[in-house]
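There are 2 protein chains.
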Amino acid sequence: MNISAPVFTLTLIAHSLTQAAEPLLSWNDTAPKKEIISFVEKVTKKESPDFVPIPERIATFDHDGCLWAEQPMYFQALFAFDRIKALAPQHPEWKDKEPYASVLKGDMKKALAGGEKALLDIVMATHGGMTTEEFDKIATDWIKTAKHPTTGKLYSEMVYQPMLELLDYLRKNGFKTFIVSGGGIDFMRPWVEEVYGIPPEQVVGSSIKTEFKMRDGKPVIVRLPKMNFINDKEGKPIGIQSHIGRRPIASFGNSDGDLQMHQWTQAGNGARFSLYVHHTDADREWAYDRDSHIGKLDKGLVEAKEKGWTIVDMKKDWNKVFSFQD
Amino acid sequence: MNISAPVFTLTLIAHSLTQAAEPLLSWNDTAPKKEIISFVEKVTKKESPDFVPIPERIATFDHDGCLWAEQPMYFQALFAFDRIKALAPQHPEWKDKEPYASVLKGDMKKALAGGEKALLDIVMATHGGMTTEEFDKIATDWIKTAKHPTTGKLYSEMVYQPMLELLDYLRKNGFKTFIVSGGGIDFMRPWVEEVYGIPPEQVVGSSIKTEFKMRDGKPVIVRLPKMNFINDKEGKPIGIQSHIGRRPIASFGNSDGDLQMHQWTQAGNGARFSLYVHHTDADREWAYDRDSHIGKLDKGLVEAKEKGWTIVDMKKDWNKVFSFQD
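From first to last, the protein sequence lines are chains A and B. So the first sequence is numbered by our numbering: it starts at 1 and just counts up by one. So the second sequence is numbered by our numbering: it starts at 1001 and just counts up by one.
Don't take each hint at face value.
Here are the simulated lysine-lysine pairs, DSSO-like style, with alpha carbons at most 30 Å apart [to be verified]:
(1) A/Lys-233 to B/Lys-1109
(2) B/Lys-1305 to A/Lys-218
(3) B/Lys-1109 to B/Lys-1209
Output of the computed footprint for chain A on chain B, the stretches with three or more beta carbons under 8 Å from beta carbons of chain A [unchecked claim]:
(4) 1215–1225
(5) 1242–1250
Source of the hints: derived by calculation from the structure; they are not laboratory data. Ideal placement from N, C-alpha and C gives every residue a C-beta, glycine not left out.
Whenever a hint applies, use it, and build me the whole structure from the sequences.
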């Protein structure tokens, strides 16, 4: 066979164009990919009985364990620990006071032995007491420089390549993509637009109380060390209603904290799609579900199987997890 | 002079195309229109030193008295009074209990004599106790049928034609338009998309608490008779930060309730634009400002003049107020 140079070049170009147009490249041709594409075609084809107009194509994504990793600990907790260390010189009393003393010694297990109260103390000491602009800068600086404890990668590299492709695929099909996370709304907003293409106004999360004030004649919003709203479990449908005001037609999660979001999504009229990412890949990522303290998936898995929601087996269904892997 | 038919037709077509492309037709060629256009050109021209990228072109609009009228009383209060009448058969005790008894007798002045407490009682009795879906339907039915007490028009016709043109003009220039109102977020959301082209997820407002529940195996969100957040005065920057997470570059209001929103907008870097609609037209609309209980504009007017914000004199600057007027 003899292919002339121009034809060969054209063939190559055509091939790379096809590749670029091919959605969900990091997804294997197993059930989840087929189910995603079939749902999207069903709601976007004008002649389909399940057609959904563009403004109603709302898709909500959990963050920790769904868009980026969450092991060995929620990354925002690691951020808080780093902040405790950075703030310690201004708080000499922390040396002898739990949970701060243990954080400063690097003993995270002991630091968190105090349960929710200890975690709340750490969050309030690190997330409150500054203006919104100051906190923006703190979160941005951290995400640009801090490294994951076991992979040594930037946290913004610890995002799932298949999920980035999925966000992109949905947006190309007229969906508006939202993050709906138990994590802090203001911790995510400064950098998620660059990483996921999701603007701040499409981020829903947990929040602390704030106060509007004049400071030297300039208005500021001060972050108070007091919880305002926890956007998890029953909180997710509430957060969705409060921020979006429309019911999603598609929802994506990985833990029991996302179950009520899936239930709320599924209870609407017309075609619906809910997906659980199941962490099954101890080699490329982590493997955990019903017995994990982080991202526990138990009741959600039972209900997903019962109701026929899509379940992604990371190991089987993704040919790539992180973009830095081969 | 002799113009041939085809040339004449072409001239007419060209003229009507120019007209269609001409923005802000209901605005006279006075200062406010010029200031709006000059600001928009400044932030949208690539080569301008004040150029703002599209995702950051956030514009926030107050609702009552800014996009639609608010006299003789906030329209949502009139909605609440109508609901008291509709619900009265289920509440025989209201006949002898204030403020309900006065509402049922049509004596609004006496009904509101109890001040904020009375108003809150009325709001809670009419806005709480049902699911979000049920309330959606109640608000939608009302907006489709209820008539304004003095003009006899539908409330959705009591919107300012110049402001509709302004919303449209900003969106055509890459702005994302938000409502930021002291009114109830869930009262506005079911119908503002149709009336203003603003989707539910771009509405910020006051809210009551809600609860996620399973009812006969179906998830519902129940509206509780308890205030959650008041999106007025200092609440507006807080609501903006919580819902949008970016500072607006342009803000539009008509009362002292919008002052902090303007201050917050103005305190950002780069070009900024803030506008007050001043109700000066007793013939085509209403004339009121510093002594009004509804939409009081006093401190805001002083600060607007001091800081050089744009002030619309309805009578002088708008050649049309409502689309149903000549």
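Here's how the hints hold up against the structure:
1. Annotation: proposed proximity of A/Lys-233 to B/Lys-1109 is violated, straight-line Cα distance about 45 Å (limit 30 Å).
2. Restraint check for B/Lys-1305 and A/Lys-218: the C-alpha separation of about 18 Å stays at or below 30 Å, so the hint holds.
3. Our distance criterion of 30 Å between C-alpha atoms is met by B/Lys-1109 and B/Lys-1209, whose separation comes to about 28 Å.
4. For the segment 1215–1225 of chain B, the assignment as covered by chain A holds, since 3 residues bring a beta-carbon within under 8 Å of that chain's beta-carbons and 3 suffice.
5. Look at the segment 1242–1250 of chain B against chain A: 5 of its residues bring a Cβ nearer than 8 Å to a Cβ of that chain, three or more, so the hint holds.
Hint 1 from the list above is the single one not met by this structure.
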